[in-house]
Every structure is written in structure tokens, then in C-alpha cells.
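Sequence order for the protein chains is H and L. Residue numbers for the first sequence follow my numbering, beginning at 33 and rising by one. Residue numbers for the second sequence follow my numbering, beginning at 33 and rising by one.
For the record, the hints were derived by calculation from the structure and aren't laboratory data. Among the clues, some could well be false.
[Stated by the list, open to error] In the SDA-like style, the derived pairs of lysine to any residue whose C-alpha atoms are separated by at most 25 Å in a straight line are:
1) H:Lys302 x L:Lys218
2) L:Lys243 x H:Asp220
3) L:Lys218 x H:Lys230
4) L:Lys209 x H:Asp216
5) H:Lys243 x L:Lys230
6) H:Lys230 x H:Asp266
7) H:Lys99 x H:Ile81
8) H:Lys230 x L:Ser319
9) H:Lys84 x H:Thr35
10) L:Lys243 x H:Asp216
11) L:Lys331 x L:Leu343
12) H:Lys209 x L:Glu270
13) H:Lys243 x L:Leu343
14) H:Lys69 x H:Thr94
15) H:Lys230 x L:Pro346
16) H:Lys331 x L:Gln320
17) L:Lys218 x L:Val229
18) H:Lys293 x L:Glu91
19) L:Lys218 x L:Lys302
20) H:Lys243 x L:Pro346
21) L:Lys218 x L:Ile201
22) H:Lys243 x L:Gln320
23) L:Lys302 x L:Val281
24) H:Lys243 x H:Asp220
25) L:Lys99 x L:His372
[To be verified] From the derived model, a few chain L residues whose C-beta atoms are all more than 10 Å from chain H:
26) Thr35
27) Asn40
28) Ala77
29) Thr89
30) Pro118
31) Gly124
32) Ala153
33) Gly248
34) Pro323
[To be verified] Covered by chain H, per the in silico footprint, the following chain L stretches (three or more residues, Cβ under 8 Å):
35) 207-215
36) 229-237
The structure presented is a predicted model; accordingly, all values stated were derived computationally and were not measured. Cβ coordinates follow ideal geometry from the N, Cα and C atoms, glycine included.
Number of protein chains: 2
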Amino acid sequence: MSTPTLFNVAVVGATGAVGEQILKQLAARNFPIKELKLLSSARSAGTKIEFKGQTYTVEEATPDSFKGVEIALFSAGGDVSKALIPHAIERGAVCIDNTNAYRMDPGTPLVVPEVNIDKVAEHKGVIANPNCSTIQMVAALKPLYDRFGISRIIVSTYQAVSGAGARAIDEMLRQSKEVLAGGDPKPDILPVGSLPVKHQIAFNAIPQIDKFQDNGFTLEEMKMIRETKKIMGDETLEVTATCVRIPVVYGHSESVYVELKQDFDVAEVKTLLAGAPGLVLQDDPDSQLYPLATDAAGKNEVFVGRVRRDLSNPRALNMWIVSDNLLKGAAWNAVQIAEHIAASRA
Amino acid sequence: MSTPTLFNVAVVGATGAVGEQILKQLAARNFPIKELKLLSSARSAGTKIEFKGQTYTVEEATPDSFKGVEIALFSAGGDVSKALIPHAIERGAVCIDNTNAYRMDPGTPLVVPEVNIDKVAEHKGVIANPNCSTIQMVAALKPLYDRFGISRIIVSTYQAVSGAGARAIDEMLRQSKEVLAGGDPKPDILPVGSLPVKHQIAFNAIPQIDKFQDNGFTLEEMKMIRETKKIMGDETLEVTATCVRIPVVYGHSESVYVELKQDFDVAEVKTLLAGAPGLVLQDDPDSQLYPLATDAAGKNEVFVGRVRRDLSNPRALNMWIVSDNLLKGAAWNAVQIAEHIAASRA
């Protein structure tokens, strides 16, 4: 029996909502860790975190934190990634970045393992983890892309507040309590913490996630558009997105219209989806079975349902795609990439 | 000075969520009422209701209730409309029906005043009020249809629980309290009261409104598809809908992708929308201004924003349309039709 190869692993942003889920995934998957370093901003340094029965003290992330680190998982915001990833690479680490910092960098692979795991091999020290709303959509569409080709995607999202961090969850729950008590809640964080205007999220739908771009789309919408093309490796793919925050804690839902390049049979589509890696088909109108955010929360899979041929365009399909935005949408996708790197070096 | 012509008016379903709003609208608009009859099922008969300082006792609706009634507004469910409207017509009443009973009947006008008020003249005793989610969409799209032509509409909805009645509101609020208290709420009504499977609506998104049809679409989705074509008077219009219930009390939101038949200028589109009857343009990304359900609640207008040219199809627009589903989506649209009838007889 051979000894498994073990790795020195760093988690940057270990005290955040995604960092917490990355640690859970590493533990649950029994990731082959030799030494684990938990890193954060100076503000959160000193925090104690349990991992597999051992207590770790979070340290401030600095360039020298990455000495000896072989795999580093970043989820501490784009600025931290931009500042520290070059130093981590210099010190020999392979970085898996969960922020927007490197996603559209032409030299950086943007990876959803079910779609383009082969791209990991092309990395120059950093592999980008896509945006949550993109990951679940491309994972669900990949089997259809391979079998029929896809010409166009029109998506409207129903995104959970956890995508905006732990403080947005707290705000939504606080506002909900205030409304239920007959009060008029003061919005404080959403839609975008760094922008001046705030809107109530409790019992509301906010059609803004991240900042507006000059073309009238939000950055979240542009992420879905650009990242989908890059991950699918197809710049001819036409993608439109409208991204909306709704009062859900965990789990993004997506209403997706997709035009295929070939005729298709709906039964074959369902069979393809049901058999695809990482996907679960939940589609039975007779028993009112379809994916729900509350069911997907806490699970690693992408759930697909409401699959039906469009009535106005026989080459188009409508579907409903749901996944936990902190898991497949972030932590689990990152740990999948880390497992692939570990396996290729074992 | 001439005396205004007054009318004998009946409100059927006076104790329901929509009936209540119809009475409020009739009072606010100072509708020219001679005698007002409040009707309901036997169960609610005897209920006392205030209207303009007078107390009315709700009576059970029977065929003979409509003797002498000139205008009858129905919102007591499709079965009641089917059973009683023929009797009301026989007794000389013009009926404005807020249910699904007559909407797709070829001989019945389906009217959104901003779109096709001229169709009222063709009635044979009943004018149908469209489905809430359809009304706000066609009201917003009509100016674009007239100016540029529309070839295709793809809509995903974010619908309030009040569309499923007062009991659905109560359920959503109760479930929210239970979740906030750490409990696991038992769903009881939604998605469809008469179907066996129930789903949690609090902090969730349910992609089912009304029953599934054989084609995999729900009845709500088919209403949007069929009614839009009928109201626009254009069977060539291609319409796709995905209808989703979210935890909002009042106000449906809609993410709408629309393909126009001609080139357009986005600034002209915004000017058209801002100047159209019944519409309010709320569209300024710089100040994070766009329609919100919580702002639209209690207002009669349809609010439009997030208007932007599609990046993948220069002939297409994306927009966000919000309105109070009980007002423009039901009571206000019905009272607008009643006002038109009254004016044409004055």
C-alpha cells in the first residue's frame, strides 16, 4: 500500500462565508493535507477555527505566509487576490481564486470541473473559480452543448443573499423580523455595500447585483455573459442575463431559455441531464417535483427541472436550475479543482 | 350643469382580496354609483363592509341578485363567474370578469385599457380582465409594439403571494416567523391550494403557479402566452413565460426580453415609455433607480426600468416591469373598464 501524497494547503479568507464552507468541504472530502494554514485580513487574525478536531489560529495573510504552501484557496475579495496571488505563485503555490480578480485574464483557466477540467493543466500559477450564478448554469448546460450545440442563452436569476456575504444574510433576517413586527426596516448593505443607495431586501426583489456598467448591465450580469463564453470555450455563444436578488438565504435559482443548434427530443434531454456528473434531474410535473432553493441548500449538486420545449421556438428549451451558491457556486467547485491538482501530483 | 348618470353596481366576491381593492378603487375614483350591491358566496354572506361612510351587508350571490344591476364586477373565482355571469347578462348587466372563465372565449373582449380599450364596444355582456402578470407586461410593451413592432417576448416572473389570495399571504408571513424562530414551517396552501403537494414559500422561490398542463407549462405561464397574443391582437407574436412565486406580499416583478421588428434607439424607447399612459419610467443606473415591488405596492401604475439593449441581439431589449398585482393587475384594471362603460353611457 502506498502512502498518499500530502499537501501544504492555505485557505485565505478562512473566516468568511465561503472560507468556512471550503474548510467544511476539505474536511468532508478528507483532502490530503500535510499542513493547513488559515489566513485572513489583519482584522480577523487571531480567530480560532476548528478543523477535524484540531484548533487553528487564523494568521494575517502576507506574502511570506505562502512559504512552503503548495495549494492556496483564495476567497478574501478581489483586492486581496490581486495583492497576494503573485507572491503566492512566486513561492511555488498553485492558487485557486474564488474572486473576480483573474477570471477574465486570458492566461488564467476559468474552471468548472464538469465542463473544462482539462484547462487546469494550462495554469500559470492560478486557476479561477467562476462566479456562483455562472457555475451552476454551465454545469447544467454542458451536456446539451456537447450533444446538440447551443446558440443562445437567456437567463433571469433569483439569487440568495448569502452571495453578498454573511452581513447580507443578517440584514435580510433582521429586516424580515422588522417587517413582520409592523416596522419599516432601514436598509444598510444591499444591493451593493460600497454604493450609496440601499434597498430593502426583505419581501422584495432587487434587480441589481454588483455595480452598473456603462452598457446598462450590472457586473454580475456581465460576469455571467463573459464567463459562460470563456468556460464553454465558445465566443460565438450569445448570452443575456438579468440578475436579481431575492429574499432567500442559500441557493440561487435560474430561469433559463436556451436555443439549441439541432433538433432534440425532450426525453433525451432529460436522460442526458439525469446522467451527467454533478447534476440531479428533479422534473416531474405530475408530482409537482422541481428544484427548490430550500432543498438545494447544503448540497453539492446542481438541480435541474421544469425542462420543456419552448412553444414559440421548437429548437429552444426552458429550464429551472438551482444550486447552493456557497457550495457548487463557490467552495465545492474550488475544492473539486484542488482535488484534481492533488490527484495529478499524487 | 347636467346631473351625472348614476349606475347600479354589483361587486361579486366583495369579501375577497381583489373585491376589497375594487371597492377601494370605486370609492377613490368617486365612481357614479346609484345603488351598490355587495355579493359573495353563502359562506361570507352577512359580512358588514364600509363603503364611503355607509355600511353594507354582503348578500349571497344568486341569479336574481342581478335584477336591476347595470355593471357587475366579478372576482369570486372562475366557477362563480361561469355559473352567474349568464344570469347577470340575461338581467341586463354588463359584467367585468376578473377570473379566467371568459378570457380566452373568442366572443369576449380581453381588455387592458392602455392597450385595447376599443374592444370593449364588441362585448356581448362580459368583458374579461386579464391575468395580473399579463396586464402589467402588455401595458409596458404596447408603446414599443406600436412604434417598432414586437416579434418575440421571453419573460420570467417574480410573483407576489397576494396573487394566490389572502390565505397565501397569511401562510407566507406565518412561515417566515417560524423560520426566523428556528422552526421548520409546514406548508399548507402554496403552490396550488387544490393540489396535494405543498412547498415552503418563505425564503424560497417556487417555479409553479397554478396547475401543470400537458405541455409542461403551468396554467399561469399559458395565460401569459395566450392572453398576450389576444390582447395585442397578434397571433404571430412569439411568447415564452416562466412563472415563479417568491416571498413578496404585493407587487409582481418581471424580467422581460423583447425582440423588436425594427432598429431602435434606447433613448427613444425610454422617452416612449416615460410618456405612455399608466406607465412610470424608473430607470437611472447612476442613482440605482429601478422599479421595486415594495415601492409599487399600493400604486395603480406600471413601473418600468433596467431598460437596456441586448448585447447579443441589437434588435432586442431587456427590461424590468413591476406593478401591484391586486391593483393594475386586477382591481384598477377592472375599474378602468367600468369607468369606460360608464362614460360611454353618460
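Structure-based check of each hint:
Distance hint between Lys302 of chain H and Lys218 of chain L is unfulfilled; the C-alpha atoms sit about 31 Å from each other, more than 25 Å. Between Lys243 of chain L and Asp220 of chain H the alpha-carbon distance is near 39 Å, which puts this suggested pair outside the 25 Å criterion. At most 25 Å may separate the alpha-carbon atoms for a hinted pair to count; Lys218 of chain L and Lys230 of chain H exceed this at roughly 33 Å. With a C-alpha separation of about 16 Å, the suggested pairing of Lys209 of chain L with Asp216 of chain H holds against the 25 Å cut-off.
Taking the CA atoms of Lys243 of chain H and Lys230 of chain L, the gap is near 37 Å; set against the 25 Å cutoff, the hint is violated. For the hint linking Lys230 of chain H to Asp266 of chain H, the alpha-carbon distance of about 37 Å lies beyond 25 Å, and the restraint is violated. Between Lys99 of chain H and Ile81 of chain H the alpha-carbon distance is near 21 Å, which keeps this suggested pair within the 25 Å criterion. Using a Cα cut-off of 25 Å, the hinted pair Lys230 of chain H and Ser319 of chain L holds, with the two alpha carbons roughly 10 Å apart.
Distance hint between Lys84 of chain H and Thr35 of chain H is fulfilled; the C-alpha atoms sit about 20 Å from each other, no more than 25 Å. Our distance criterion of 25 Å between C-alpha atoms is broken by Lys243 of chain L and Asp216 of chain H, whose separation comes to about 35 Å. As the CA atoms of Lys331 of chain L and Leu343 of chain L are separated by approximately 33 Å, the hinted pair breaks the 25 Å bound. A hinted pair counts as satisfied when its Cα atoms are at most 25 Å apart, and Lys209 of chain H with Glu270 of chain L does not qualify at roughly 42 Å.
Under the criterion of a C-alpha separation no larger than 25 Å, the hint pairing Lys243 of chain H with Leu343 of chain L is consistent with the structure, at around 17 Å. Between Lys69 of chain H and Thr94 of chain H the CA atoms are separated by roughly 12 Å; this keeps the pair inside 25 Å, and the hint holds. As the CA atoms of Lys230 of chain H and Pro346 of chain L are separated by approximately 32 Å, the hinted pair breaks the 25 Å bound. Proposed proximity of Lys331 of chain H and Gln320 of chain L is contradicted: the alpha carbons are some 34 Å apart, above 25 Å.
The straight-line distance between the Cα atoms of Lys218 of chain L and Val229 of chain L is roughly 12 Å, inside the 25 Å bound, and the hint therefore holds. Distance restraint check for Lys293 of chain H and Glu91 of chain L: the Cα-Cα separation of roughly 60 Å exceeds the 25 Å cut-off, and the hinted pair is therefore not satisfied. Among the hinted pairs, Lys218 of chain L with Lys302 of chain L is inconsistent with the structure: their alpha-carbon atoms are about 45 Å apart, more than 25 Å. About 23 Å separates the Cα atoms of Lys243 of chain H and Pro346 of chain L, which keeps this hinted pair within 25 Å; it holds.
Between Lys218 of chain L and Ile201 of chain L, the direct Cα distance comes to roughly 15 Å. Compliance with the 25 Å bound is thereby established for this hinted pair. Taken as a hint, the Lys243 of chain H and Gln320 of chain L pair is honoured in the structure, with Cα atoms around 9 Å apart against an allowance of 25 Å. Note on Lys302 of chain L and Val281 of chain L: the hinted pairing is violated, with a Cα-Cα distance of about 29 Å set against a maximum of 25 Å. About 16 Å separates the Cα atoms of Lys243 of chain H and Asp220 of chain H, which keeps this hinted pair within 25 Å; it holds.
For the suggested pair Lys99 of chain L and His372 of chain L, the alpha carbons sit about 22 Å apart, so the restraint of at most 25 Å is met. No Cβ of chain H approaches the Cβ of Thr35 of chain L within 10 Å, the least distance being about 45 Å, so the stated non-interface status holds. For Asn40 of chain L, the condition that its CB be more than 10 Å from all CB atoms of chain H holds, with the nearest at approximately 39 Å. For Ala77 of chain L, the requirement that its beta carbon stay farther than 10 Å from each beta carbon of chain H is met, with the minimum near 32 Å.
Once the 10 Å rule is applied to beta carbons, Thr89 of chain L is consistent with being away from chain H; the minimum gap is 31 Å. Remark: the non-interface label on Pro118 of chain L is consistent with the geometry, its nearest Cβ contact in chain H lying 32 Å away (cut-off 10 Å). Listed as a non-interface residue, Gly124 of chain L keeps its Cβ farther than 10 Å from every Cβ of chain H; the least gap is roughly 40 Å. Every C-beta of chain H lies more than 10 Å from that of Ala153 of chain L, the closest at about 31 Å, which supports listing it as non-interface.
For Gly248 of chain L, the condition that its CB be more than 10 Å from all CB atoms of chain H is violated, with the nearest at approximately 3 Å. The beta carbon of Pro323 of chain L is not kept farther than 10 Å from every beta carbon of chain H, the shortest such distance being approximately 8 Å. Check result for the stretch 207-215 of chain L against chain H: holds, 3 residues qualifying (beta carbon to beta carbon below 8 Å, three or more required). Coverage of a stretch by a chain is defined here by at least three residues with a beta carbon nearer than 8 Å to that chain's beta carbons; for the stretch 229-237 of chain L and chain H the count is 6, and the condition holds.
Checked against the numbered hints given earlier, the structure breaks hints 1, 2, 3, 5, 6, 10, 11, 12, 15, 16, 18, 19, 23, 33 and 34 and satisfies all the rest.
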